[in-house]
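Chemist: Here the protein sequences line up with chains V and A, keeping their order. Heads up: the first sequence begins at 1 in this note's numbering, then just goes up one per residue. Heads up: the second sequence begins at 1 in this note's numbering, then just goes up one per residue.
Since the hints were made in silico from the structure, they are not lab data. Incorrect hints may have been included.
Which copy is meant is left open, so a pair is good if it fits within one copy or across any two.
[As the list claims (entries may be wrong)] Quick list of in silico lysine-lysine cross-link-like pairs, DSSO-like style, CA-CA up to 30 angstroms:
id, residue 1, residue 2
1, Lys314, Lys15
2, Lys174, Lys314
3, Lys253, Lys427
4, Lys253, Lys222
Here the structure is a predicted model, which is why all the values come from computation and not from measurement.
2 protein chains.
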Amino acid sequence: MLLTIDRRSKKPIFKQIVNQIHQKILSGELAPNSRMLSERELAKTLSVNRMTVVRSYDELQSLGLIERFKGSGTFVAVAHKRDVSKLTNWTTYINDNTFLTTNPIIQKIREHSRTMTNGFDLANGELAPDLFPSNLLEAIMRRISISDINLGYSPPEGIGDLRDSLCLSLDSRKSIKTTSACILITSGAQQALYLIANCLLRPGDVIAIESPSYNYSLSIFKSAGLKIVGLKVKKDGIDPKEIEHLYKSYNIKMIFLNPTYQNPTGTVMSSKKRIEVLRISERLRIPIVEDDPFSDLNYGTKALPPPIKSYDDKENVLYIGSFSKIVASGLRIGWLVAPIEVIKKLSDVRQQIDFGLSIFPQIIANEFVKSESYTQHIELVNDLLRFKRDILVTAMNRELKHLVQYQEPNGGFHLWVKLNNKYNESKLINESFNNNLLFMPGSIYGDKNGYFRLTFARLNNQDIDNAIEKLKLIIEKAT
Amino acid sequence: MLLTIDRRSKKPIFKQIVNQIHQKILSGELAPNSRMLSERELAKTLSVNRMTVVRSYDELQSLGLIERFKGSGTFVAVAHKRDVSKLTNWTTYINDNTFLTTNPIIQKIREHSRTMTNGFDLANGELAPDLFPSNLLEAIMRRISISDINLGYSPPEGIGDLRDSLCLSLDSRKSIKTTSACILITSGAQQALYLIANCLLRPGDVIAIESPSYNYSLSIFKSAGLKIVGLKVKKDGIDPKEIEHLYKSYNIKMIFLNPTYQNPTGTVMSSKKRIEVLRISERLRIPIVEDDPFSDLNYGTKALPPPIKSYDDKENVLYIGSFSKIVASGLRIGWLVAPIEVIKKLSDVRQQIDFGLSIFPQIIANEFVKSESYTQHIELVNDLLRFKRDILVTAMNRELKHLVQYQEPNGGFHLWVKLNNKYNESKLINESFNNNLLFMPGSIYGDKNGYFRLTFARLNNQDIDNAIEKLKLIIEKAT
């Protein structure tokens, strides 16, 4: 039972011991009925006063986590102190069907990522920690004057200053014309998707999404009872005609698209197709949800087609953006651009869910997006991502050419990899766990066995060769 | 058409004009079909270049908000540019039944509060802006080192440091023993209630709540399809026997209580009753949700009974706390203390809804609650609230003694007022709007006509006499 005591912490040592032992019981490291060190032994091991350990054990006992028997010692409690047969059975409350749990494969990967040491997490779709603009955000926190800001409840649609700034940035960076009243600030793109799935659609409604697509594994769609039909992703995006085709068989209520550096394929939909998709959706009266987290990451090399929303002069597109992939996912700032009546409805619902977003990330994000360093930061991230991509592609061409195929991405931070040989996906996942190199298996994205997604934005440059060698080993064992 | 141009703002002037005109069209101040100032006239009025106004009008036209006719001038567009008969009809998407809208009376009061000038908002249940610890929070933002912090996705249950700090604070301030693993950080108490109502209960489930109670007006309960039965609030809280009584007729699934400075009555449940309620709930296996936003505001005068949760040795109580009423509602930090299996389920659902809370308010809150200034701040707020209460009670005894009755509160920040004479509530509300003095009418809290709630935490000391005179006028006109 290895515990670490932080003597500089303000947290009392007895409480540090309580929390860590509870964690070990929860994780199963301390099994039910197993004998604990005696108070004296633990005090000696940790070099703390025996009375400190006595106090910890007292609290663990009163929490029902351990049992002490005179003469025979201290044991991890066998069951929880609550005897379910006599008391509230929480399981009956928890096992409802309203919210389905997160995809078990994703849960396992996240769990493994939390506990592994010295591994490579290429599954988690976020930037490497050193690409977050910590210094710039710290400088902003140093200069913001809080006394000028109302710290009371803020409008559920988001603070005006940030909506104004985004309005300008959408115009200059994305050619999207809108006004602040048509922007809703959300807790990342995730909350925008949650609100759309739960407030604008009804259980049983059919939605069309790209295939493959990250949306396949999103429990929000399943929890909201939506039915999913797929639009095949080709080299330059989905085939707009397929929407009309599907429409004949299904009463499609909404189309979810990620046209720029699509997750997971990295595909960019051509501008011709963007306009065609929009016109078809207008004619069939099916709104488009355009999820656009990656379009700022074009590596500075290529003129990207502007978002579908920029062509949308009839308000048929709900546009979702976010700072998660270009600033920091922990900021939790996303936005939805939508017709005013949609913004009003979703703001009211949002008031019921969480009473609006904290004022602090909103003022920090506003100061950042208004500043000159915002553009500089994005340019820097683009340079570093392109560099990572180049090293990665070189290593893969050298090591994996006989095993896999892939399209070299010109933006975003995913690599979509196809395996040449047949393989067993659960074996592949197991090998990835054994070797502490995590990636997202293809089945998460729909019926895409034989593929997997690597998020190279997470790799340190110096680790890339090492990681690709491990990957080779994993693939060879699983095929 | 009065527009204000901020020349020091980085926001281009043409965009300031666009946003303000759109706001005026949305608010109805600029009616459909009404003639706008010509470009030349508006440029002159605002002392801006005519080309700036031309650019604004171009954008407003492309957004479909105005129409320009050669020779006859510029007009506010009659309908939205989207012809609903030919395009997506958003109304059909918005009018689903999953989420009911906020109580219309509350909506109206909020709306009036946003637009009124020189009025007194005693409806909004939050602290006066000068009671927020702006300077202390600013000092924290100046000293936090962001480079040490992971700005990526943080655990959906909240960051470990804040959960550890709350664990200690719950022990020392509330006599609640728990471990960090049993704490979920939420976006205020609101999100904790949302998660409980939607993940632990099913549509049709019966919940028991205090009568009167703020929970009556909560659209989250109605949106979740819950049925509500009332437990009458007496001088020292509800009658525990009534739970058993109701249980014979209804299959009650949960009991929602706010035992300390209950909203709206200000009542404190006696410790005898707290223990009795807990034992009955254990025996009947009905969990209690204890909502406890006010217990830190005891004006330093009186030994308060500890929360029901502090007696809960069988994990039958879900305990909700928050910084909204003691630090700042705009921080959006609340917490739920619950059995570990409940925390796990709600964290997973929360991941689907918003991917967890922003890291920034969590680190700020953690630094604050750990600091010595936290206790000092709470003592200061208590002193100032007691002082406000004293001035208010003096003024009410002088002016309103013949019109109303009330119990002098010894904590919290609400005054629950009973009118002596019969009156018409909608007349009362109208008079309150006419006089720009807002309060919460009794009907919001269940069938409590003849009552209203004043939040005196919002009043400036020097305004109290003035406000009470207005209140007298309003009551006299409405009865």
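Chemist: It remains to establish, for every hint, whether it holds in the given structure.
Modeler: Do the hints match the structure? See the list:
Only between protomers do Lys314 and Lys15 lie at most 30 angstroms apart by alpha-carbon distance; the minimum there is 21 angstroms, versus 59 angstroms within a single protomer. In this homomeric assembly, Lys174 and Lys314 come within 30 angstroms of each other (Cα to Cα) only inside a single copy, at 17 angstroms, whereas the closest approach across copies is 56 angstroms. When the C-alpha separation of Lys253 and Lys427 is checked against a cutoff of 30 angstroms, the pair qualifies neither within a copy, at 38 angstroms, nor between copies, at 44 angstroms. Taking identical chains as interchangeable, the C-alpha atoms of Lys253 and Lys222 lie at most 30 angstroms apart whether they share a chain (15 angstroms) or sit on different chains (26 angstroms).
In summary, the structure is inconsistent with hint 3 from the numbered list given earlier, while agreeing with all the others.
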